[in-house]
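Engineer: As a plain string of letters, each chain reads:
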Amino acid sequence: MVLMRLGLNAPGDPARTMLGGTVSQELIDKITLQYHLDSNLISQYWYWLKGIIWDRDFGYSVQQNISVFTYMQPKILVTFFLGIYSLIWGLIIAVPVAVYQAYKRDSRFDKAGNLFSFFFISVPALVFSPFIIYIFVAKLKWFPRIGEKIYPWDDLAAHFQNFFLPVVVLSLPTAAVFARLLRSDMIATLQSDFITLANAKGVSPQRTLWVHALRNSLFSVLTSVGVQIGSLIGGALVVEQYFNMKGMGFLLISTILSKDLFVVQSLSAILVASVVFANLGIDLMYTVIDPRIRHARALL
Amino acid sequence: MLAESIEEITAPKKAKRRIGWMLGTAWISVLSFCALFAYQLPFITKYDEKIKIADRARAYGLGPSARAWLGTDKSSFDVLSRCVYGARLTLLIGVGATIMGLFLGGLIGILGGYFRGRVDRVVSIIVDSLLALPPLLLALLIVYRLDDLKLTIWFWRITRPWEITITLGILSIAPLARITRAQTIALREREFVLSARSLGAKNSRIILRELLPNLMPTMLTVAFTGLGILIAAEGALAFLGLGVERPQTWGRLINIARDDLDIAAWATLFPCLFLLLTVISFNIIGDHIGRRFDIREATL
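Which chain is which? The protein sequence lines are A and B, in order. When we follow the numbering used here, the leftmost residue of the first sequence carries the number 1, and every step to the right adds one. When we follow the numbering used here, the leftmost residue of the second sequence carries the number 1, and every step to the right adds one.
Among the clues, some could well be false.
[To be verified] Keeping only pairs whose Cα atoms sit at most 20 Å apart, straight-line, the calculated DMTMM-like set for lysine to aspartate or glutamate is:
| no. | chain 1 | residue 1 | chain 2 | residue 2 |
| --- | --- | --- | --- | --- |
| 1 | A | Lys246 | A | Asp155 |
| 2 | A | Lys111 | B | Asp287 |
| 3 | A | Lys246 | B | Asp259 |
[Unchecked claim] Example chain B residues on the side facing chain A (calculated, C-beta under 7 Å, incomplete):
| no. | residue |
| --- | --- |
| 4 | Leu137 |
| 5 | Cys272 |
| 6 | Val279 |
If you're looking for bench data, these hints aren't it; they were derived computationally from the structure. For glycine and all other residues, C-beta sits at the position ideal for the given N, C-alpha and C.
Next up, chain A with everything else stripped away, as it sits in the complex (with noise of 0.2 Å):
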């Protein structure tokens, strides 16, 4: 347990060093002496570190002429909206599909959602959002192609609106990774002991299934929650361009082009730093789940 957090959170040093080495040499030219800039890279990114943490201060953008936390702030909100919507849905789609799928194991259900399933494995957000939009958007004309009104507390329906479309390219994929793990792990779940057990003593199947076995099946769905947000990230980027919609992607996107240094920098190390504090979180829900996690850390 400690060495799996340990090596789920050492890549954050090393990762974001990098990111550092990586993005802040080109605005020598532009060395401004708050940031150090005639110093070498490390200590750049030091400096860099400890503006973030002391004076919330992620920098300066060179283009936009404003502090980058303000430019960033409004663009975060989308993305995390959208990085949200998008789990959560795909958790929704996927449990009782999985459940299902397990419990009538080779049925034609359960067929036909691996088939699904390895259809939305394989359909990347670039190709997906398209046929969405030209289904949806430019045929039936169900959904509005901009939608201006994003937030939930200026226009909750519109918020919805605008949100579900990208919601439903960036969802099915992650439910369709989930669903799959899912139903692999109950069908073992199914075959314990346990389970019999519960099943003998005249627990309904219902409840067997839904609490017995599902809980003790969670593990490899919420270890691939973390690796599904760094892919949902990708995602986001790509469905945002298509949806317009002004997010940390379509930020990243243009300040990479446009060279607008500290942005870049400042949202690659939010990025990062968040998908590694969502598999700690992640780790610290095994415990939840399974107590003898808990107790086996005394052990190690």
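Use these hints to put chain B onto chain A, whose structure you have.
Structural biologist: Chain B alone, transformed into the frame defined by chain A:
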């Protein structure tokens, strides 16, 4: 008797799977054939030849028709020929990156798994920090950085296609290294390695002659599935504006045409379809090889 009955039970399933596999390999072979002989094949319009209607080149002049099978795009080029010429480069980049990943990832995976100890720790740190970053973000940053460096190694100028190949190669290192490492750890304890060692074989011989042949199926499975993902990633990079200028790859074709989805859906959807079919085909092939050698997917 028993073996026969088992085979009888699993036979229909196998047949169904074989159809998918045949379609997948057929698509890949047709595509590679067209891509290889794009200059010779009569039905593929030359890359720079505009399709004119009454001597005038019009944007999206032709839909899918006899003259241009998949229609024409914004600059009245044939979409089919653009897709095929794009496939030339995309396949080359994908294969090149996979070979690079196989070589480097396999190397560090075997070294880490075989020697354990300090070597293993270094390998783990490299792999973990590569995996901590969202893949597309990492790709964007590396391409951006390589682009900025304008490297020249001796007389070999690193141009855009090479940059993308190197980037995707780096991306494919981590999953390959992880799975080879896990497999090597399992294999090095086996009897045949022990017997080779007791006969006095050197480490290099054990790795090359005993371990490597046993690792090949796993590596190939991961490589084929990875090839699909890499091609999708190349598409995403091109879509986001960090692609190759000439010949235009699929991602760029999609990006150029996507704003006119309402009036000329073919220009967007057909490149998408090419990408989709290719990715799915590689996934099916990888899946098939995996089943053939009965490899449990340790990583997703």
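Engineer: Confirm or reject each hint.
Structural biologist: Here's how the hints hold up against the structure:
Between the alpha carbons of A/Lys246 and A/Asp155 the distance comes to roughly 17 Å, so the proposed pair stays at or under 20 Å and holds. Restraint check: the Cα-Cα separation between A/Lys111 and B/Asp287 comes to about 16 Å, which is no more than 20 Å; the hinted pair holds. Straight-line distance between C-alpha atoms of A/Lys246 and B/Asp259 comes to about 16 Å, which keeps the hinted pair within the 20 Å bound. Look at B/Leu137: its Cβ gets to within about 6 Å of chain A, closer than 7 Å, so that hint holds up.
Below 7 Å, beta-carbon pairs count as interface contacts, and B/Cys272 has one with chain A at about 5 Å; its hint therefore holds. For the restraint placing B/Val279 at the interface with chain A, the shortest Cβ-Cβ distance is roughly 5 Å, inside the 7 Å limit, so the hint holds.
Violated hints are absent here; each numbered hint is respected by the structure.
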